[in-house]
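Participant: Residue numbers (the numbering used here), protein chains in the order written: chain W, 1 to 115; chain H, 1 to 116.
Just so you know, not all the hints are guaranteed correct.
Simulated restraints on C-beta separations [unchecked claim]:
| no. | chain 1 | residue 1 | chain 2 | residue 2 | range |
| --- | --- | --- | --- | --- | --- |
| 1 | W | 84 | H | 78 | 10 to 20 Å |
| 2 | H | 85 | W | 29 | 31 to 41 Å |
| 3 | H | 61 | W | 102 | 17 to 27 Å |
| 4 | H | 63 | W | 114 | 44 to 54 Å |
| 5 | H | 74 | W | 97 | 23 to 33 Å |
| 6 | W | 9 | H | 54 | 29 to 39 Å |
| 7 | H | 11 | W | 110 | 22 to 32 Å |
| 8 | H | 104 | W | 12 | 21 to 31 Å |
| 9 | W | 12 | H | 63 | 37 to 47 Å |
| 10 | W | 67 | H | 104 | 14 to 24 Å |
| 11 | H | 62 | W | 3 | 23 to 33 Å |
To spell it out: a stretch of chain W is covered by chain H in this simulated footprint if at least three of its residues, at any positions, have a beta carbon under 8 Å from a beta carbon of chain H; those stretches are [said to hold, decoys possible]:
| no. | region |
| --- | --- |
| 12 | 42-48 |
| 13 | 105-111 |
None of these hints come from the bench; they were simulated from the model.
Small disclaimer: the values here were computed from a predicted structure and weren't measured.
Backbone N, C-alpha and C define an ideal beta-carbon position, used for all residues, glycine too.
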Amino acid sequence: AQTVTQSQPEMSVQEAETVTLSCTYDTSESDYYLFWYKQPPSRQMILVIRQEAYKQQNATENRFSVNFQKAAKSFSLKISDSQLGDAAMYFCAYRSPYNNNDMRFGAGTRLTVKP
Amino acid sequence: EAGVVQSPRYKIIEKKQPVAFWCNPISGHNTLYWYLQNLGQGPELLIRYENEEAVDDSQLPKDRFSAERLKGVDSTLKIQPAELGDSAVYLCASSLVGQGSTDTQYFGPGTRLTVL
Numbered sequence: 001a002q003t004v005t006q007s008q009p010e011m012s013v014q015e016a017e018t019v020t021l022s023c024t025y026d027t028s029e030s031d032y033y034l035f036w037y038k039q040p041p042s043r044q045m046i047l048v049i050r051q052e053a054y055k056q057q058n059a060t061e062n063r064f065s066v067n068f069q070k071a072a073k074s075f076s077l078k079i080s081d082s083q084l085g086d087a088a089m090y091f092c093a094y095r096s097p098y099n100n101n102d103m104r105f106g107a108g109t110r111l112t113v114k115p
Numbered sequence: 001e002a003g004v005v006q007s008p009r010y011k012i013i014e015k016k017q018p019v020a021f022w023c024n025p026i027s028g029h030n031t032l033y034w035y036l037q038n039l040g041q042g043p044e045l046l047i048r049y050e051n052e053e054a055v056d057d058s059q060l061p062k063d064r065f066s067a068e069r070l071k072g073v074d075s076t077l078k079i080q081p082a083e084l085g086d087s088a089v090y091l092c093a094s095s096l097v098g099q100g101s102t103d104t105q106y107f108g109p110g111t112r113l114t115v116l
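Please build the complete structure, drawing on both the sequences and the hints.
Facilitator: Laid out in structure tokens, this is it:
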């Protein structure tokens, strides 16, 4: 079964600075999808960014971008110009298109933004 | 467009009591998911529905948990009887699978269950 590992339980960044959250995964599949979700204290999981494995170009969404390294099975999230509202738990997730669209989440990284 | 709606947001019960959670997915989404999220962990799938059919319930503890999705829209997740270890957040998500969609899952705010 696929596993997702987030090795940073907590991260901290100064407002307006840049921070990178790490994620690695284990799979034998060649086609899959990767996601970063944000979960603020309200508990609502919000989709931040999505990457298809067959696309070589890294996905970007405004201040959020990813560094997708397929050979290394790495999928890091970069947040530029960090804002106070970015403070939340961030979950990396892997979804297989073959196994009932099964989605596996990492344990999460708690991001703190300092003013 | 309204998002995934869940109720209640919070529920406190005593052990051995029954409890039920309700989810209304995004309009038009054919697939609905129930996840369990323990404190400090990522969500884990309990059951997945495609329309009315439960296509993946391998992680659902069937001795005490049950779920239904009547008419392929709203869904209810029930626990009877609840145990102390069931205290967690129960998340519902929905997606549109097929039809050229991105299959992205959208989540509701969850129900935080506390079993005393």
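Participant: Compare the structure with each hint and give your call.
Facilitator: Structure-based check of each hint:
no. : hint                     : result
1   : W:84 - H:78: 10 to 20 Å  : violated (39 Å)
2   : H:85 - W:29: 31 to 41 Å  : holds (33 Å)
3   : H:61 - W:102: 17 to 27 Å : holds (18 Å)
4   : H:63 - W:114: 44 to 54 Å : holds (47 Å)
5   : H:74 - W:97: 23 to 33 Å  : holds (27 Å)
6   : W:9 - H:54: 29 to 39 Å   : holds (34 Å)
7   : H:11 - W:110: 22 to 32 Å : holds (25 Å)
8   : H:104 - W:12: 21 to 31 Å : holds (29 Å)
9   : W:12 - H:63: 37 to 47 Å  : holds (43 Å)
10  : W:67 - H:104: 14 to 24 Å : holds (21 Å)
11  : H:62 - W:3: 23 to 33 Å   : holds (25 Å)
12  : 42-48                    : holds (count 6)
13  : 105-111                  : holds (count 4)
The structure shown violates just one earlier hint, number 1.
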